[in-house]
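With chain W's structure known, arrange chain L on it following the hints.
Residue-level listing of the chains:
2 protein chains.
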Amino acid sequence: MADTQDTLLLKIKEQGDLVRQLKAAKESSEKIKEEVAKLLALKAQLATEDVAPQKFTLKTPKGTRDYNPQQMTIRNDVLQKIITVFKRHGAECIDTPVFELKDVLTGKYGEDSKLIYDLKDQGGEILSLRYDLTVPLARYLAMSKITNLKRYHIAKVYRRDNPAMTRGRYREFYQCDFDIAGQYDPMVPDAECLKVVTEILNSLDIGQYVLKINHRRLLDGMFEACGVPADKFRTTCSTVDKLDKSPWEEVRTEMINEKGISPEAADKIGQYVCLNGGTELADKLLQDEKLSKSKAAIEGLEGIKLLLEYCELFGIKDKILFDLSLARGLDYYTGVIYEAVLTQPIKIGNEDQTVGSIAGGGRYDNLVGMFDPKNKQVPCVGISIGVERVFSVLEAKLAAGDITVRTTEIDVYVASAQKNFLEERMKICTELWNAGIKTEHSYKKNPKMLNQLQHCEETGIPFAVVLGESELKRGVVKIRNITTRQEDEILRGDLVSELQARIEALKVKEVNGSA
Amino acid sequence: MADTQDTLLLKIKEQGDLVRQLKAAKESSEKIKEEVAKLLALKAQLATEDVAPQKFTLKTPKGTRDYNPQQMTIRNDVLQKIITVFKRHGAECIDTPVFELKDVLTGKYGEDSKLIYDLKDQGGEILSLRYDLTVPLARYLAMSKITNLKRYHIAKVYRRDNPAMTRGRYREFYQCDFDIAGQYDPMVPDAECLKVVTEILNSLDIGQYVLKINHRRLLDGMFEACGVPADKFRTTCSTVDKLDKSPWEEVRTEMINEKGISPEAADKIGQYVCLNGGTELADKLLQDEKLSKSKAAIEGLEGIKLLLEYCELFGIKDKILFDLSLARGLDYYTGVIYEAVLTQPIKIGNEDQTVGSIAGGGRYDNLVGMFDPKNKQVPCVGISIGVERVFSVLEAKLAAGDITVRTTEIDVYVASAQKNFLEERMKICTELWNAGIKTEHSYKKNPKMLNQLQHCEETGIPFAVVLGESELKRGVVKIRNITTRQEDEILRGDLVSELQARIEALKVKEVNGSA
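From first to last, the protein sequence lines are chains W and L. Our numbering puts the first residue of the first sequence at 25, with every later residue one more than the last. Our numbering puts the first residue of the second sequence at 25, with every later residue one more than the last.
Looking at chain W on its own, in the form it has when it is part of the complex (with noise of 0.2 Å):
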């Protein structure tokens, strides 16, 4: 155990009284040289240790984690996949600055403002971390003048929310946003958002899903037709979004103590937020006597029947749920709302878990004209996927022995047999590397054979390149297939060129393996 900073202070204080005792006795140069020496070895390690050791916790902060090797390659897997989908779409990619001026932020998230992250005042500007990316985009769009942008933003956002981190909620973490802005034609963006969310499902195959929808212009009908004053409509709607958790009964009480809605405009709020269903819903709803007075609940109904037809030629209109108790949370919704749920619990282990929303957005026509000094607007629909909670699915899977990851790709182990081979590992991993070859080697002079073979084995690695005396001698080195063990003596100067082949055989097997 090395010393704590206060030993080495005592220590460096009695050296030196040593040195100017042996200074004053006018003691040999050479007897004073070498406790100057210790002298200097005792202050150039305070130097590098004045703050050691911590006292505090070693911790990440709270809500936060570490990703270790095996959740990087978890997570790489899956972002992977999502970018592959949007940029089938002709997404293109931007990226803000994880912080804002806080002046960006403000008003823009209700109730939910309380969980933004705040930067100290250190001089200079206010700022606040970003609390999530469709802010940004709209801040983006306005100071840089752009009116058609079809983008996709992975980045992470910060709240200072309750963690709940086993079920994949955290105060850092990475949303995953596609968005088109632009002045379109009616739903035609607004289908294509959800053609992207199925496309990302399927292609990451965590089971079955309903992609509910409704509309923000529908909602507001049906409170003005429910009796709820205009200036209610909002907080009106971020109880009802409470109800893919709590049941009606609670959700009513809320609107009645805490909301001062009148018990019967909650009740027949009640009768039509029961309600789902596809395009025959929509038509029924558009003759219902209370909402076809409203031109709102006109406006909305009109809006999800054109979005269904949209999501029949789209192949997905089985995948589409129109559910008038879908609310979304967000202030700044003004049209189609949009929220992916997975219908089934996922087996990990012998257990279920349950994951439920996975996804969510909607059209959001005003925000963009808040940043923009003449309120010019840029109309936007986007989604976001929750990959925190696909991250948390696949992590538990691994930890249950369901699946399975690599967390290098090294194709290439150069091992040796003997001992002072490490100069010849040297040349061959160069030879290899530079020919492109994904290899590695101990860092160790003389490991031990057992011990690199079972790195090769623990990783993964499928070839290794074994150095021997008398086949350096005979101009040959062996590879070894990891898997099989077999060993073949290849001519040195053939190695790249029958590395190469080997490995893209592997390649090739895999493909056809896996297909």
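FYI, nobody ran anything at the bench for these hints, they're computed from the structure. Honestly, I wouldn't trust all of these hints.
Taking lysine-lysine and the DSSO-like style, the derived pairs with C-alpha atoms no more than 30 Å apart in a straight line are [claimed, not checked]:
(1) L/LYS341 to L/LYS317
(2) L/LYS531 to W/LYS37
(3) L/LYS292 to L/LYS269
(4) W/LYS83 to L/LYS180
(5) W/LYS111 to L/LYS533
(6) W/LYS531 to L/LYS531
(7) W/LYS111 to L/LYS462
(8) W/LYS443 to W/LYS421
The following block gives chain L in isolation, referenced to the frame of chain W:
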């Protein structure tokens, strides 16, 4: 132009008054309902616009920027090349939170600690944004009790520095780090870090470079030999570090006037820091009267010699320069230090741009121990690629027209030559998406042919499927090659396979063309 909030509030008040008057006057319910609807509409408008329009300046925080699609394309290409090299050497990927407990960062960065961004105390933990990826790695290793890891980490870090954005210096910027942690034989992982840097710089193809190396033990020994007191080693080192930007005279003055080094000691240092070379220089210095008496200097010089030997085996010795003026600013280095510098200005348009340092790193054997309650050390060595400078060079080349980038990967655009083809376009898009073909179409119901073809040309889409009434009746569609403008009629049922064949052929041509 939309109403400001004040105007809107005024209108709502007036409309409310009107409704009350009508009710008081017992006007027809028809009339009242009409005016109530107007009132509701105004209130709904207020709900969505209650902060519009903004009064503050629309900007990103000082020293930060958005990345637009072109910049993101450049960034992702560069990062992909770097990741390819990291993976070729078997590095695993990890990630850590963007903020750490403030205590984790305290005392790690010497004078630069004042540049750390702190978060506001909102109750709970005291947090700071990460300043680099090295300290979080050390915290991760200690916390997870990991003693061996070869990892890469690509993420943004934060420094409240004076930004020089045209030269790629930001307050939010990317670092690409590759580090090898573990107790291994001297200079074996250290040499591989240099090999990794050469592979990356070769792959990025941004001009000739030199990899400067030096050793902290040699610097310590040199300072000792020149008569610098041990407690001034680190601060003298920081001053020497300025030699890459300032002439020796200035550095000498700072040493004497600010750091309290004697003029004699400074002059002796001056004689060493002008030296650079290869193995022969290390050999010469081992014979140097003063240095040969310092244990630290000998240790450093022997290390440099061994490192150069391994660089020879890796075939990169011609890129390496042993340079006694290289010092590196950070406190935590304990052994070899590196810095990669471009040796030629980069031609951008008709101008030359000097880039300078593009990668750096070194050995830090004591950092992990600082986090371990028992001060258990995990020796580490690593490099960090200064990608922001690479980005800014490539962005300047883009702006000068020296390079072009495509911001989407769309292969096929589904266009209509006449009106009322939206539904047919959607059906064909669905077929192509489901076959994995990167496809888009216009979100307008009846886009103009010219606009559709222009979009293809502007964004580099190679093929368009052109729908026309007469063709559709005959069961065929046209495929248009955007570059050659040639159009071929294809059976509707052959569309997917025909497009796949053409896209594949184009890829082969591109690969051969660029080979």
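To see whether the hints hold, each was checked on the structure:
Using a Cα cut-off of 30 Å, the hinted pair L/LYS341 and L/LYS317 holds, with the two alpha carbons roughly 28 Å apart. Between L/LYS531 and W/LYS37 the alpha-carbon distance is near 72 Å, which puts this suggested pair outside the 30 Å criterion. For the given pair, L/LYS292 sits about 20 Å from L/LYS269 by alpha-carbon distance, which is consistent with the 30 Å threshold. With a C-alpha separation of about 20 Å, the suggested pairing of W/LYS83 with L/LYS180 holds against the 30 Å cut-off.
Proposed proximity of W/LYS111 and L/LYS533 is supported: the alpha carbons are some 22 Å apart, at most 30 Å. Between W/LYS531 and L/LYS531 the alpha-carbon distance is near 20 Å, which keeps this suggested pair within the 30 Å criterion. At roughly 7 Å between alpha-carbon atoms, W/LYS111 and L/LYS462 fall within 30 Å of each other, so this suggested pair holds. In summary, the hint linking W/LYS443 to W/LYS421 is not supported, as the alpha carbons are separated by about 42 Å, beyond the 30 Å threshold.
This entry does not satisfy hints 2, 8, going by the numbered hints stated previously.
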